[in-house]
Every structure is written in C-alpha cells, then in structure tokens.
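Chemist: Given these sequences and hints, build the entire structure.
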Amino acid sequence: MKTPDDLPPPRWAQRLLRGYCRPDLLEDLEGDLNEYYARNLKAKGAKRARLIYILDVLKFFRLYTVRKPPPVPFFSPRTMIGSYFKTSTRSIWRNKLFSAINIIGLAVSMSVGLLVVAFLSDLLSYDHFHRKKARIYRVITTDQRLDQSAMELACTSVKAGQVIQENIPGVEALTLLRRGFGGDAKVGERTLPTEALWADESFFKVFTFPLLQGDPATALKAPYSLVLTEKSAKKLFGEADALGKSVQFDTLNYVVTGVMKNIPPLSHLRFEALVSFSTVELQKPTTDGGFLSWESIYMTYVYLVLPERGNPQTLQANLHQLSARENARLTNRKIFLSLQPLQEITLGKHLGNQIGPTLNWLTVWVLGGLALVVILSACFNYTNLSIARSLRRSREVGMRKVVGALKRQVLEQFTFESVLISLLSLVFSFLLFLFLRTEFLSLNPFIADLVSLNLSPRLVLCFVALAVVVGIVAGFLPALFFSRIQAIQVLKDVSRRQLFRHVNVRKALVVVQYTFSLIFITATLIGYDQYRNFLTFNLGFTTENVLNIKLQGNKGDVLMKELSALPAVSGISQSRIVTSVGSLYGTQMKYKNDSAGVWLNFVDEHYLPLHHHQFIAGKNFRPRPQPGEESEVIVNQQVLKRFNIGQKNPNGALGEIVTVEGKKLAIVGVLKDFHYGTVENKIEPTVFRYSSQESGGYLNVKITSHDWPATFAEVEKAWRKVDRVHALDATLYDDQIEQAYNQFSVMLKVIGFLGFLAVCIASLGLFGMVVYTTETRLKEISIRKVLGAGEAELVYLMSKGLLFLLALSALVALPATYFFFDRVVLVNFAYRHPIGWGELLTGALLVMGLAFLLIGSQTWKVARSNSAKVLRSE
Amino acid sequence: MKGTNLGEFEELVLLTIASLVNEAYSVAIGDELEKHTGRAAKLGVVHAVLNRLEEKGLVISSLGEATRIRGGKRKRYYSVTHAGKVAITKAKEVRDGLWRIIPGFNLEGST
Numbered sequence: 000m001k002t003p004d005d006l007p008p009p010r011w012a013q014r015l016l017r018g019y020c021r022p023d024l025l026e027d028l029e030g031d032l033n034e035y036y037a038r039n040l041k042a043k044g045a046k047r048a049r050l051i052y053i054l055d056v057l058k059f060f061r062l063y064t065v066r067k068p069p070p071v072p073f074f075s076p077r078t079m080i081g082s083y084f085k086t087s088t089r090s091i092w093r094n095k096l097f098s099a100i101n102i103i104g105l106a107v108s109m110s111v112g113l114l115v116v117a118f119l120s121d122l123l124s125y126d127h128f129h130r131k132k133a134r135i136y137r138v139i140t141t142d143q144r145l146d147q148s149a150m151e152l153a154c155t156s157v158k159a160g161q162v163i164q165e166n167i168p169g170v171e172a173l174t175l176l177r178r179g180f181g182g183d184a185k186v187g188e189r190t191l192p193t194e195a196l197w198a199d200e201s202f203f204k205v206f207t208f209p210l211l212q213g214d215p216a217t218a219l220k221a222p223y224s225l226v227l228t229e230k231s232a233k234k235l236f237g238e239a240d241a242l243g244k245s246v247q248f249d250t251l252n253y254v255v256t257g258v259m260k261n262i263p264p265l266s267h268l269r270f271e272a273l274v275s276f277s278t279v280e281l282q283k284p285t286t287d288g289g290f291l292s293w294e295s296i297y298m299t300y301v302y303l304v305l306p307e308r309g310n311p312q313t314l315q316a317n318l319h320q321l322s323a324r325e326n327a328r329l330t331n332r333k334i335f336l337s338l339q340p341l342q343e344i345t346l347g348k349h350l351g352n353q354i355g356p357t358l359n360w361l362t363v364w365v366l367g368g369l370a371l372v373v374i375l376s377a378c379f380n381y382t383n384l385s386i387a388r389s390l391r392r393s394r395e396v397g398m399r400k401v402v403g404a405l406k407r408q409v410l411e412q413f414t415f416e417s418v419l420i421s422l423l424s425l426v427f428s429f430l431l432f433l434f435l436r437t438e439f440l441s442l443n444p445f446i447a448d449l450v451s452l453n454l455s456p457r458l459v460l461c462f463v464a465l466a467v468v469v470g471i472v473a474g475f476l477p478a479l480f481f482s483r484i485q486a487i488q489v490l491k492d493v494s495r496r497q498l499f500r501h502v503n504v505r506k507a508l509v510v511v512q513y514t515f516s517l518i519f520i521t522a523t524l525i526g527y528d529q530y531r532n533f534l535t536f537n538l539g540f541t542t543e544n545v546l547n548i549k550l551q552g553n554k555g556d557v558l559m560k561e562l563s564a565l566p567a568v569s570g571i572s573q574s575r576i577v578t579s580v581g582s583l584y585g586t587q588m589k590y591k592n593d594s595a596g597v598w599l600n601f602v603d604e605h606y607l608p609l610h611h612h613q614f615i616a617g618k619n620f621r622p623r624p625q626p627g628e629e630s631e632v633i634v635n636q637q638v639l640k641r642f643n644i645g646q647k648n649p650n651g652a653l654g655e656i657v658t659v660e661g662k663k664l665a666i667v668g669v670l671k672d673f674h675y676g677t678v679e680n681k682i683e684p685t686v687f688r689y690s691s692q693e694s695g696g697y698l699n700v701k702i703t704s705h706d707w708p709a710t711f712a713e714v715e716k717a718w719r720k721v722d723r724v725h726a727l728d729a730t731l732y733d734d735q736i737e738q739a740y741n742q743f744s745v746m747l748k749v750i751g752f753l754g755f756l757a758v759c760i761a762s763l764g765l766f767g768m769v770v771y772t773t774e775t776r777l778k779e780i781s782i783r784k785v786l787g788a789g790e791a792e793l794v795y796l797m798s799k800g801l802l803f804l805l806a807l808s809a810l811v812a813l814p815a816t817y818f819f820f821d822r823v824v825l826v827n828f829a830y831r832h833p834i835g836w837g838e839l840l841t842g843a844l845l846v847m848g849l850a851f852l853l854i855g856s857q858t859w860k861v862a863r864s865n866s867a868k869v870l871r872s873e
Numbered sequence: 000m001k002g003t004n005l006g007e008f009e010e011l012v013l014l015t016i017a018s019l020v021n022e023a024y025s026v027a028i029g030d031e032l033e034k035h036t037g038r039a040a041k042l043g044v045v046h047a048v049l050n051r052l053e054e055k056g057l058v059i060s061s062l063g064e065a066t067r068i069r070g071g072k073r074k075r076y077y078s079v080t081h082a083g084k085v086a087i088t089k090a091k092e093v094r095d096g097l098w099r100i101i102p103g104f105n106l107e108g109s110t
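Protein chains in written order, with numbering that gives the first Met the number 0: chain V, 0 to 873; chain F, 0 to 110.
Think of the hints as simulated: they come from the structure by calculation, not from any bench.
By construction, the Cβ of each residue, glycine as well, lies at the ideal position given by its N, Cα and C atoms.
Take these hints with a grain of salt, some might be off.
One side only, chain F facing chain V, incomplete, derived with CB under 7 angstroms [to be verified]:
#: 1; residue: Val26
#: 2; residue: Arg38
#: 3; residue: Leu42
#: 4; residue: Gly43
#: 5; residue: Asn50
#: 6; residue: Arg67
#: 7; residue: Ile68
#: 8; residue: Arg69
#: 9; residue: Gly70
#: 10; residue: Arg73
#: 11; residue: Ser78
Here are the computed lysine to aspartate or glutamate pairs in the DMTMM-like style, where the Cα-Cα straight-line distance is at most 25 angstroms [stated by the list, open to error]:
#: 12; chain 1: V; residue 1: Lys868; chain 2: V; residue 2: Glu774
#: 13; chain 1: V; residue 1: Lys41; chain 2: F; residue 2: Glu22
#: 14; chain 1: V; residue 1: Lys663; chain 2: V; residue 2: Asp706
#: 15; chain 1: V; residue 1: Lys41; chain 2: F; residue 2: Asp95
#: 16; chain 1: V; residue 1: Lys58; chain 2: F; residue 2: Glu10
#: 17; chain 1: V; residue 1: Lys58; chain 2: F; residue 2: Glu54
#: 18; chain 1: F; residue 1: Lys55; chain 2: V; residue 2: Glu26
#: 19; chain 1: V; residue 1: Lys41; chain 2: F; residue 2: Glu10
#: 20; chain 1: V; residue 1: Lys67; chain 2: F; residue 2: Glu22
#: 21; chain 1: V; residue 1: Lys58; chain 2: F; residue 2: Glu92
#: 22; chain 1: F; residue 1: Lys72; chain 2: V; residue 2: Asp23
Quick list of the computed label-pair ranges, beta carbon to beta carbon [as the list claims (entries may be wrong)]:
#: 23; chain 1: F; residue 1: Trp98; chain 2: V; residue 2: Pro7; range: 50 to 56 angstroms
#: 24; chain 1: V; residue 1: Lys95; chain 2: F; residue 2: Glu54; range: 50 to 56 angstroms
#: 25; chain 1: V; residue 1: Thr207; chain 2: F; residue 2: Glu54; range: 41 to 47 angstroms
#: 26; chain 1: V; residue 1: Leu62; chain 2: F; residue 2: Trp98; range: 33 to 39 angstroms
#: 27; chain 1: V; residue 1: Pro7; chain 2: F; residue 2: Arg99; range: 52 to 58 angstroms
#: 28; chain 1: V; residue 1: Pro7; chain 2: F; residue 2: Asn21; range: 26 to 32 angstroms
#: 29; chain 1: V; residue 1: Gly18; chain 2: F; residue 2: Pro102; range: 26 to 32 angstroms
#: 30; chain 1: V; residue 1: Leu50; chain 2: F; residue 2: Asn21; range: 41 to 47 angstroms
#: 31; chain 1: V; residue 1: Gln485; chain 2: F; residue 2: Glu54; range: 54 to 60 angstroms
#: 32; chain 1: V; residue 1: Pro7; chain 2: F; residue 2: Glu54; range: 31 to 37 angstroms
#: 33; chain 1: F; residue 1: Asn21; chain 2: V; residue 2: Leu62; range: 26 to 32 angstroms
#: 34; chain 1: V; residue 1: Leu50; chain 2: F; residue 2: Arg99; range: 47 to 53 angstroms
Modeler: Written as structure tokens, this is what we have:
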C-alpha cells in the first residue's frame with residue numbers, strides 16, 4: 000500500500016491542466032500546484048488535498064493561461080479543405096440551376112431515406128430496455144400435423160415451460176405468460192376494460208419492468224394478485240395509493256400487489272395489468288384440451304434467461320430431446336420447441352399467435368429498397384449533370400493540374416463538393432422528414448403502434464452519415480472523371496473529345512432512372528385497379544348498408560329490442576364473426592368416415608336473409624329459443640363437393656347428418672358459394688350453425704336511412720341504454736372490408752408516393768440535361784438555322800436522342816412490371832382481376848408526356864433563338 | 000497607459016518580490032504575503048498578478064532549479080526591473096506625500 004505522501008495528484012486534473020495551459024507557463028504552474036498539493040497532503044489529508052488540487056486546476060483556467068488554439072489548417076497544403084470549401088461554394092453559387100436541381104432532388108429523396116432509417120432504428124431498438132436483453136430467449140413452437148404444412152407459433156404449452164424449469168439445466172430464470180385475461184376491472188363505482196396477461200413470479204427476474212410499489216420477488220406469487228401499470232392504476236384509483244387495494248373482475252376479487260412503471264413504447268409485451276399465474280393454475284381452465292397438456296400450445300408464452308456465457312445451442316439440443324420424448328405419445332402430430340432471441344421477436348420471422356406487433360424483414364427490405372432506388376435516382380441526376388457540364392469545369396481542373404494539383408486532390412475536391420451539396424440537402428430533407436413522419440404515422444394505426452420515430456442524437460448522427468454516403472455515391476463518378484482529365488488536352492482542345500466521351504454512362508443512367516419511375520407509376524396504377532376490384536368484389540352476399548356492432552359481452556336480444564325501435568333500422572341479425580374481412584373460425588367436420596376442416600360461423604335465423612345469401616336448396620334455420628338442442632346446419636356448395644354429400648345434387652344433401660364438435664346436425668340448407676375469407680383465399684367448405692345468443696359476437700344491423708350521422712347517433716343512444724361502460728364499436732360492413740385490405744392501400748400509397756417522387760426527380764434531371772446539352776449545341780443550332788433548317792426539324796434533331804432513351808426505358812419497364820405482377824404478386828390472389836393495357840399505358844403516357852413537355856419546351860426555346868446574335872457574340 | 004499605475008495587490012506583490020531578493024518564486028511570494036498581510040493569498044491570484052506585472056515590464060522572470068516536492072518541475076524566480084523599482088518608489092512617494100499633508104489630529108480619536 001502507498002503511504003499518503005506518495006499519493007499522486009489526480010491524474011485527470013493533471014492532464015486537463017497540461018491540455019489547456021500554455022507551454023511556457025505550464026512547468027512553473029504545475030510545480031506550484033505540486034508543492035501546494037504536497038503541503039495540503041500533510042496538513043489536510045489526501046481527500047482534501049486532491050479536491051483542492053482539482054479546484055485549483057479549474058481555477059487556473061483563465062484567459063492568460065489558456066493556450067491559443069492552433070490556426071485551423073484550412074489553408075495548409077496537406078488538406079486543402081479550405082480551398083475545396085471555397086471553390087465548392089463558389090461553384091454551387093455560380094450554377095444556380097444545377098445546384099437547385101440537385102439539392103431539391105437529393106432533399107426530396109433523402110427525406111424518404113431518413114424515414115426508412117428512423118423506422119429501422121426504432122425497430123432495431125425494440126426491447127432494448129431489458130437489462131438482460133441479450134440473454135433473453137422465447138421458446139417457440141413448431142406444430143406439425145399429419146398432411147399439413149408445419150405451423151410456427153410464438154406460443155407454447157404450460158407443460159413445456161414447467162418441464163424446462165424443472166428438468167433442464169442451464170437456465171437462469173424462466174417465466175410463463177398466458178394471454179386471454181381481459182375484462183372489466185371494477186373498483187367501487189369505477190369500471191375500466193382492462194387487457195392483462197397472466198405472469199408468474201419470475202416475470203420481473205426475466206424482464207426489466209421497474210416496480211414503483213411492491214416487491215418484484217413476491218408480487219406475482221400468491222393467487223389473485225394483480226400488478227397494475229402506473230397508467231391503469233391512475234385510471235382505477237386516481238391519485239390514491241393502489242397498493243393493497245382490491246379490484247374486481249367478474250365476480251372475483253384481486254389484490255393489487257404492485258404498481259409498475261409504464262411500459263416503454265418500444266416493447267413487444269404490452270399489457271395494462273399482470274395477474275399472477277398461480278391464479279390460472281387454480282382455475283385450471285379446460286379449454287383447448289387440458290391446461291397441462293403437451294398439446295395445449297396456443298395460449299402460453301415462455302421466456303427464459305440464459306446465464307452469462309450460457310450456450311443457446313446446448314439448451315436447444317435439450318429442447319429437441321424433450322420434444323422427441325413428448326412427441327412419442329402423440330399420433331399424427333409433432334410439436335417441436337425452439338429458441339428465439341428476444342431481439343429477433345419484433346423484427347424477425349413470421350409466427351402465428353404473436354403477442355405484440357411484429358414486422359418481417361421482407362417489408363423492411365422492400366421499403367429500404369424502394370427508398371434506395373429513389374435516392375439513387377437523385378444521385379444519378381447529380382452524376383449526369385456534373386458530367387454534362389464538364390465542359391466548363393474541365394478547364395478549371397486543367398488549370399489546377401497545371402498548377403500542381405494531384406489526381407487525388409482533384410478527386411477529393413469533387414467528392415467534397417458533392418458531400419457539401421448533400422449535406423445542404425440534408426437540411427431541407429430534414430424538414431421534409433418531419434412532415435413525412437406525421438403522414439407516415441397516420442397512414443395506418445398499426446404503424447403508429449409499431450414505431451414512434453422520435454429523434455435521438457444517435458438517429459441524427461445516422462442521418463448525417465446517410466447524407467455523407469449519398470454525397471460520396473453521387474459524386475464518385477464525376478470525381479473520378481475529373482481526376483482523370485489530361486491537363487494538356489483540356490487546355491489545348493476543349494471542344495469534343497472530353498465532353499462526349501462519357502455519353503454512354505449518362506445515357507445508361509437516364510434509362511435506369513426512367514425505367515424505375517415507370518415501374519413505380521405503373522405498379523401503382525395496376526395495384527390501384529386491383530384494390531378497387533377487391534373492394535367492389537362480388538362476395539356472393541350483400542354487405543351494403545349493414546352496420547356491424549360488436550356486442551362486447553352484452554345480450555344480443557336486449558340491444559336488438561332497443562335498436563328495432565329505430566325507424567332507420569330495417570333488419571337485425573346476430574353472428575359470431577364478421578366474414579370476408581380476414582377473421583377465420585375453423586373446426587373439424589365429420590361425415591360418415593370422412594373428416595376435414597371447415598370454416599364456421601354461428602348466426603341466427605335473420606342473418607342469411609339480411610345478407611341476401613342465396614339458397615340453392617333447402618331453407619333457413621328455424622327460429623328456436625335457447626337453450627334448445629342444436630340440430631341444424633347450413634352448408635355451402637364446397638362442403639357437398641369436399642365430402643361428396645348427395646352425389647353433388649344439392650337437394651339430395653338435405654337431411655344428411657354431419658358431426659361438428661361432437662354434435663350431430665342435419666343439413667337443412669345449401670348455399671351458393673360465397674367468400675368467407677378475403678379475396679386472397681379460394682372459396683373453401685363453410686358451414687353455418689345456429690345460435691341466437693352471441694354476446695361475444697356482433698349484431699348486423701341493416702340501415703335504410705341515408706342520413707348516416709343521425710343514424711349513428713341514434714344507434715349510440717340505444718347502445719348507451721344497454722351498456723354504460725364500453726364505447727360503442729360499430730362499423731359499416733363496407734368499411735370493414737376496406738380495412739381488411741388496408742395493407743394494400745397502405746402499400747399503394749407508399750409506392751405511389753415514391754413513384755411520384757421518382758418521376759419528379761427523373762424529370763428534374765432530364766430538364767437539367769436538356770438545358771445543358773442545348774446550351775452546348777447553341778452554336779451548332781444557329782449555324783444549321785442560318786443554312787436553312789426549320790424549327791420543327793431542329794426540335795426533332797435535338798430531342799431524338801433523349802426520346803430514344805425514354806422509349807427504351809418504357810420498353811424495359813412495362814413488360815417488367817407486367818410480368819412482376821402477373822407472375823409474382825397476383826399469384827397470391829385466388830380471385831384476381833386481369834391486368835389491363837390501360838393501366839400499363841396510362842402511366843407510361845403520363846411520364847412520357849411530362850418528359851416531352853420538358854424536352855420540347857427547352858429545345859423549342861433554343862431553336863427559336865436568334866441565330867445572328869448567337870453567332871456574332873461568339 | 001494603464002500599466003503605469005499599480006493596484007494595491009500588485010504593489011504588495013512587487014514589494015514582496017523585492018524583499019525576498021533571490022528567493023522570489025510564486026509559492027514563496029504567496030507565503031510571505033500571507034505572513035505579512037494576514038490574508039490568504041490564493042495561488043491563482045498570485046499567478047495572475049505576477050503574469051500581469053511581467054506583461055507591464057515591472058518584473059522579469061527566469062527558470063531556476065527543480066525540487067522533488069515540485070514533481071521535478073522548475074521554479075520561476077521573479078526579480079523587480081528598473082521600471083518596477085520606479086513604480087514602487089513612485090507609489091511610496093505618492094503615499095508619503097499624502098501622509099505628510101494630513102493634519103495630525105485628523106486620524107486620532109475618530110471612531
């Protein structure tokens with residue numbers, strides 16, 4: 000151990016002093032400080048002495064002690080940055096059109112890039128607030144049934160969780176979560192619909208959700224314990240202390256054992272409360288085939304933490320063994336467990352029964368790819384225009400080289416210039432980004448739910464990095480071109496050789512630009528056409544003026560009575576789900592010895608007539624008070640075909656008995672095929688069963704009035720009479736269908752917007768090109784004119800090159816888009832609309848028209864210029 | 000020029016340097032000042048004043064020997080220049096002149 004005498008003064012303070020102090024004062028000062036320090040060390044002890052030393056160092060920071068900053072090496076011959084800066088700003092100022100085109104193009108395109116960067120950054124920082132984030136894994140399930148493709152699920156069985164916890168070594172902590180707890184929390188008079196998860200006591204060991212009140216180790220231990228989030232605690236108890244109070248769900252009382260901080264927005268787990276898992280263990284629900292069964296894989300989620308330096312492979316091997324052992328007892332079915340890292344949950348592979356919002360990499364790649372194309376297009380503009388006006392600047396470069404510039408320095412100069420322009424555009428694009436962000440978030444509630452796109456220093460840094468990269472990419476080709484210029488040649492004979500050497504590169508870039516623009520535009524038009532077609536698709540039944548009201552636990556007949564009193568209501572029916580909007584409800588059906596999956600809906604006797612379903616044979620359900628023994632079923636044609644009932648004669652099928660979920664039901668009606676799923680799916684066997692009590696389902700209300708707001712208000716009033724707690728959830732059937740295809744409309748909006756940008760950028764670039772090329776050919780045009788060429792001829796002469804390029808890009812783009820849609824996109828849709836030539840050509844004509852206008856106006860201007868003046872001034 | 004006038008503390012420092020003869024370096028000056036005036040002379044303040052005096056040309060400095068306690072750093076010794084001598088003499092004369100014209104009774108017996 001050191002004696003106090005030897006203890007040196009704080010190292011960092013010493014360094015600080017050496018850092019700021021002028022060298023001529025430093026030695027003396029440091030010596031003085033050391034002397035004082037030594038003195039204080041004896042008199043006042045090490046701690047005080049060190050503190051005084053630090054304070055003295057800070058106090059010495061004065062004008063006269065501070066070293067003068069070294070002159071900024073702007074003009075040093077080594078870096079030349081100062082000179083680059085000067086020439087770049089001059090050149091930006093001098094060529095206003097050129098700069099404006101580039102800055103606008105880059106700004107517009109980069110704003111999209113910024114959006115993608117922000118989006119990706121949010122997705123990648125999901126669940127980062129968990130302390131053990133790198134070691135947390137979720138146990139996921141692959142369900143393989145005989146004759147069916149394997150299904151991957153995010154959930155697993157309770158049994159799996161318990162066996163892993165008890166028998167498998169190398170797991171630091173494991174927690175079981177179970178979804179499906181939801182209901183109205185009651186505290187005194189206050190009622191609040193609450194979405195909760197069951198979670199066991201290790202929950203807080205695995206995840207980092209800090210508790211404001213309560214003990215994380217025991218909060219979820221006892222049955223009927225409840226942990227609220229700060230927000231829900233405030234809603235239920237106001238400012239009062241929630242801890243220890245009781246909350247009622249249904250008839251059961253739960254005790255609040257903890258209040259946790261609100262969940263950060265970027266968390267894949269979202270809930271308003273947690274209920275102890277021991278509660279559900281007590282209740283032992285009998286749904287989905289036994290609570291503790293190996294096959295009961297649909298409700299429970301298992302998360303575990305590996306120890307530091309734990310090996311997921313070892314655990315994975317153990318899980319395989321476990322699966323194999325358990326699967327030995329199953330017939331026709333295999334269930335495998337595997338591990339999924341926490342950080343791959345939100346942005347990872349597609350799994351069924353996800354617990355939070357997810358997005359697959361494909362979407363991100365597509366979005367990123369589209370943004371990249373638009374950005375590249377703007378970069379091409381820069382490249383093209385720089386090379387096009389090389390005539391002017393090649394002299395400058397020639398001079399530089401003669402004076403002694405190296406190849407590398409010219410390269411640096413032009414890269415610097417492009418990066419400068421790109422950074423300048425970043426400022427504008429940032430403003431655009433702020434605007435785009437709100438638009439993007441309001442595009443779809445899912446997006447707003449998924450990401451918040453908040454700014455952070457890291458994100459801004461990413462933005463700047465993006466701008467620099469864009470600048471380098473844009474400026475690379477021109478910089479290379481200029482750096483290779485031979486000084487003697489340029490200065491001697493500036494006219495032809497240099498200027499037209501890179502024409503092919505430019506041509507190729509223009510073609511690529513226009514090809515992409517055309518693909519975007521035609522894709523949008525074709526997509527829009529298909530989308531319209533989805534919405535107006537003949538589903539086989541009527542959805543017009545039907546208002547679907549979610550019952551949210553209320554008795555259907557009570558609300559029905561209220562609603563039927565309204566004059567605007569002409570009919571009401573009940574159903575368990577709303578079909579054709581993507582909701583599915585499947586079950587197994589047996590006919591004789593044949594068994595197969597069918598889609599199912601429970602409806603009352605009014606449902607089929609109200610939706611104008613067409614009977615081919617038989618009749619509707621008989622009205623029947625509940626609870627009567629269920630005896631009837633109505634099927635569609637596909638059922639007859641699949642099970643071969645009645646030799647495909649609908650009337651022969653009537654009266655046949657089928658077994659659904661253990662009930663023997665007689666077919667009383669056969670419906671014409673209709674769409675149960677969305678248009679993506681083929682029509683499959685579908686059955687209707689009778690039920691007039693669907694409190695978890697919907698009321699389908701047929702409206703005759705056209706005064707929609709008034710009707711809605713009346714419906715709402717009726718709803719209030721029945722249910723005071725929940726807000727009315729009513730949507731027109733047609734709107735629901737529109738929502739079902741919402742992803743397409745979002746996709747269309749995104750692609751359409753990008754297409755618009757791409758066209759604008761390409762047009763800007765084309766405009767610049769035309770201006771520069773016509774400018775350089777002014778003399779030639781004038782001479783031609785003097786020799787007798789007509790204006791129309793001249794316009795044709797100047798524009799034919801570009802027109803040829805445009806035609807070429809159309810020739811590439813249109814068939815490419817057609818095949819892409821025909822072979823790749825639309826094959827996923829069972830019922831698709833043929834692609835019309837109209838959609839293909841409209842886009843092309845639109846873009847071409849714009850290009851003609853740009854080229855035409857400029858060449859026309861040049862063709863009409865006064866040739867005498869031009870020739871004289873030369 | 001502002002530099003011809005001495006501040007009170009500047010004058011004290013200048014006098015201390017003169018009194019210390021060959022031992023006038025910052026720490027010693029600070030100690031001596033403290034001994035005579037009874038008030039703690041902060042190292043930073045002393046340094047600032049020394050720097051200013053040197054700028055005004057009233058003192059001149061040179062680097063001396065290093066000691067272990069200073070961590071091997073050399074001391075900077077100060078000595079009063081001719082201009083410095085003139086300045087303190089002038090300051091003393093100004094005071095003496097003022098003292099001389101104060102009537103004797105005027106500083107006696109006052110509260």
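Chemist: State for each hint whether it applies.
Modeler: Now the hints, each set against the structure:
no.: 1; hint: Val26; in the structure: holds (5 angstroms)
no.: 2; hint: Arg38; in the structure: violated (17 angstroms)
no.: 3; hint: Leu42; in the structure: holds (6 angstroms)
no.: 4; hint: Gly43; in the structure: holds (5 angstroms)
no.: 5; hint: Asn50; in the structure: holds (5 angstroms)
no.: 6; hint: Arg67; in the structure: violated (9 angstroms)
no.: 7; hint: Ile68; in the structure: holds (5 angstroms)
no.: 8; hint: Arg69; in the structure: holds (4 angstroms)
no.: 9; hint: Gly70; in the structure: holds (4 angstroms)
no.: 10; hint: Arg73; in the structure: holds (6 angstroms)
no.: 11; hint: Ser78; in the structure: violated (15 angstroms)
no.: 12; hint: Lys868/V to Glu774/V; in the structure: holds (14 angstroms)
no.: 13; hint: Lys41/V to Glu22/F; in the structure: holds (23 angstroms)
no.: 14; hint: Lys663/V to Asp706/V; in the structure: violated (46 angstroms)
no.: 15; hint: Lys41/V to Asp95/F; in the structure: violated (43 angstroms)
no.: 16; hint: Lys58/V to Glu10/F; in the structure: holds (23 angstroms)
no.: 17; hint: Lys58/V to Glu54/F; in the structure: holds (21 angstroms)
no.: 18; hint: Lys55/F to Glu26/V; in the structure: holds (22 angstroms)
no.: 19; hint: Lys41/V to Glu10/F; in the structure: violated (32 angstroms)
no.: 20; hint: Lys67/V to Glu22/F; in the structure: violated (31 angstroms)
no.: 21; hint: Lys58/V to Glu92/F; in the structure: violated (36 angstroms)
no.: 22; hint: Lys72/F to Asp23/V; in the structure: holds (12 angstroms)
no.: 23; hint: Trp98/F to Pro7/V: 50 to 56 angstroms; in the structure: holds (51 angstroms)
no.: 24; hint: Lys95/V to Glu54/F: 50 to 56 angstroms; in the structure: holds (52 angstroms)
no.: 25; hint: Thr207/V to Glu54/F: 41 to 47 angstroms; in the structure: violated (60 angstroms)
no.: 26; hint: Leu62/V to Trp98/F: 33 to 39 angstroms; in the structure: holds (37 angstroms)
no.: 27; hint: Pro7/V to Arg99/F: 52 to 58 angstroms; in the structure: holds (56 angstroms)
no.: 28; hint: Pro7/V to Asn21/F: 26 to 32 angstroms; in the structure: holds (30 angstroms)
no.: 29; hint: Gly18/V to Pro102/F: 26 to 32 angstroms; in the structure: violated (58 angstroms)
no.: 30; hint: Leu50/V to Asn21/F: 41 to 47 angstroms; in the structure: violated (34 angstroms)
no.: 31; hint: Gln485/V to Glu54/F: 54 to 60 angstroms; in the structure: holds (58 angstroms)
no.: 32; hint: Pro7/V to Glu54/F: 31 to 37 angstroms; in the structure: holds (33 angstroms)
no.: 33; hint: Asn21/F to Leu62/V: 26 to 32 angstroms; in the structure: holds (31 angstroms)
no.: 34; hint: Leu50/V to Arg99/F: 47 to 53 angstroms; in the structure: holds (49 angstroms)
When the structure is compared with the earlier hints, violations turn up for hints 2, 6, 11, 14, 15, 19, 20, 21, 25, 29, 30 and for no others.
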